[in-house]
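Undergrad: These protein sequence lines map, in sequence, to chains U and X. For the first sequence, the positions run 1 to 362 when full-length UniProt numbering is used. For the second sequence, the positions run 1 to 362 when full-length UniProt numbering is used.
Just so you know, the hints here were simulated from the structure itself, not pulled from any lab data. Possibly wrong hints are sitting among the right ones.
Quick list of the computed label-pair ranges, beta carbon to beta carbon [stated by the list, open to error]:
1) X:A52 with U:S131: 19 to 27 Å
2) U:G159 with X:K343: 53 to 61 Å
3) U:E45 with X:S50: 33 to 41 Å
4) X:G118 with U:D168: 52 to 60 Å
Computed from a predicted structure; not experimentally measured. Note that beta-carbon positions come from the ideal geometry of N, C-alpha and C, so glycine has one too.
2 protein chains.
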Amino acid sequence: MPTVDIHTHMYPPNLMTLLRQRPQIPYVRTFDPKIGERLIILPTEETSTSTAKGRPIGPAYYDITQKIAFMDRHGIDVSVLSLANPWLDWVDSGVASRVARGVNDEMEGMCGGEGREGRLFFFGTLPLSASSEEVVGEVKRLKGLKHCRGVVMGTSGLGEGLDDPRLDELWKVLESEGMVLFLHPHYGLPDEVYGPRKSEYGHVLPLAMGFPLETTIAVTRMLLSGVFDRFSELQVLLAHSGGTLPFLAGRIESCIAHDAHLMKKSSAGGRRDVWDVLKKNIYLDAVVYSQLGLKAAIEASGRDRLMFGTDHPFFPPSEEAEGEWLSVTSNVKAVRDAMGDKKEDVDAILGGNAVRVLRLGV
Amino acid sequence: MPTVDIHTHMYPPNLMTLLRQRPQIPYVRTFDPKIGERLIILPTEETSTSTAKGRPIGPAYYDITQKIAFMDRHGIDVSVLSLANPWLDWVDSGVASRVARGVNDEMEGMCGGEGREGRLFFFGTLPLSASSEEVVGEVKRLKGLKHCRGVVMGTSGLGEGLDDPRLDELWKVLESEGMVLFLHPHYGLPDEVYGPRKSEYGHVLPLAMGFPLETTIAVTRMLLSGVFDRFSELQVLLAHSGGTLPFLAGRIESCIAHDAHLMKKSSAGGRRDVWDVLKKNIYLDAVVYSQLGLKAAIEASGRDRLMFGTDHPFFPPSEEAEGEWLSVTSNVKAVRDAMGDKKEDVDAILGGNAVRVLRLGV
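Please model the entire structure based on the sequences and the hints provided.
TA: Structure follows, in structure tokens:
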């Protein structure tokens, strides 16, 4: 059974060029040649005067040969690429479709490159700042691209979140075309929630709490607004094992059960509860860095709905090293530890589920 | 083995009187006699013009005979009472000590009332708006009260969160006196994170996501600032099974391990990791409403560190009913389901652990 990485990011070279030319957020800039290029995506990063502001962005982010080298080093047979944040909600609506097509065609080209056939697939990016028709049109076009297996999205949707009824057209076409939605956080939480000493803790609080919560809130808003009642076949892959959805599912259901107004509305509308949605509509990646988290994810969605991921090229080793990345080995170890001697389940999570769900077999 | 509820709230009658007289947040008011008294604690509640704004507050919140009736109805032998939010950070510093002493003496009086001996204990409230000396003084005084077994606190501390070095005096006295700190959320997250349709979902998003995240961020800030390195015997009981700490623990450690600056600092300071702290310094209540959550909590801290709670008088049945509360039965069921036929472990979580940890035996 192949090892498949379904959470691995790339910025296509032409998008990099676009980001290098932009005067405002998001943009890529070299403030200090000794430090290298930086990607600035949040307003709070821009106010910093440090030449090390933003996040480092090097060849691992846009050079496909580096992705292949990373895969080879870690025994990863197949990768399903996705653009990382920010996606394309910052693009002027008039050119959004064109930019999205460019990104997606470039991804398709990388996947189909010589000697790479069968090793690379991708999640397409949507022109969310364009019209609903253009978004739907791009989904249909993506369906026709040989290596595309779904779409990646942040949590902002058309600007008002994923409980926006204007997204129904998108859910409908994803459902009917059998395209998986990979939902990934971007904005985190407002900076003030981390308190006055947040800068002493690097990116730990935004990455370890803000990101997972953003995902959890987004998918819970989909649930509460009835998206999974109206589109019962919609398939959503949640980044970072659902953020915190598995652990909070019980509390979510309890809070709904204690809200007379919601219960009245939902008994009229035949509401599906979070447990049902977790087992029928949600896939979880296995990017949770602990055996505890992995077991909880399995209990939430089932061992046939979990898929291994690395989050490459994020979380590189903090010291230069030629060996394997801790961010990869810790997640492989979590799968092996949680599954014990059930080799079949290990294989399913490390690759088999992805091959089946995303149709990666030749 | 007795059943013990360690997460159950009371507003002492004299504090209610004070809240009824206050002109600004927090206050208690009757806007419409048909609706009854309401507690207003957040600025966003105050801007509403509805006479049903804020949260209902009735005798179950301040009448100890109702607490006893609730305990009897649910087979709860012992309750460890705590003031609910808001605690006393809103009190003028000049009178804070006096108000805290009043609240705590009233709690002590309720616990020692005729015919109740052995059934009620409490977590004391601190005058956090007063001086550090007064806070420490009240902890020492609480230690001398027969029924006090620790202190309850929100996440704001002295106004700058629980990673504030000015709190070291408090951690030190709690550690040396062997008093458990019950850490409970209050402020949640800024309203905007729930999006423009939040009002359609009642209190589900703030209660199910905001509260748990507030707790998780607060305790992670304690961890990152080295509180548990400096006070290695400090014992903290986290509300709602740690918010999301068990599930996110792996991600927290991974983010720290990938931060060169934090790793350098911590290898110099002998940093204890989150798993070590979870097993030696953290107790978790069993207020998580799912078998999945309960199992994760046990894996995080151990079955000897989990303690049953109800969160009474919050989450009453949405329909008037004489029977047991769903918010109680769902948590009892989670314990029984998770533990299977291990009766000893069920007994430990439902009461034995609390009796041992909080010294509730006669």
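Undergrad: Take the hints in turn and mark each one as holding or not.
TA: Each hint tested on the structure:
no.: 1; hint: X:A52 with U:S131: 19 to 27 Å; result: violated (40 Å)
no.: 2; hint: U:G159 with X:K343: 53 to 61 Å; result: holds (54 Å)
no.: 3; hint: U:E45 with X:S50: 33 to 41 Å; result: holds (40 Å)
no.: 4; hint: X:G118 with U:D168: 52 to 60 Å; result: holds (59 Å)
In this structure, only the earlier hint numbered 1 is contradicted, and the remaining ones agree with it.
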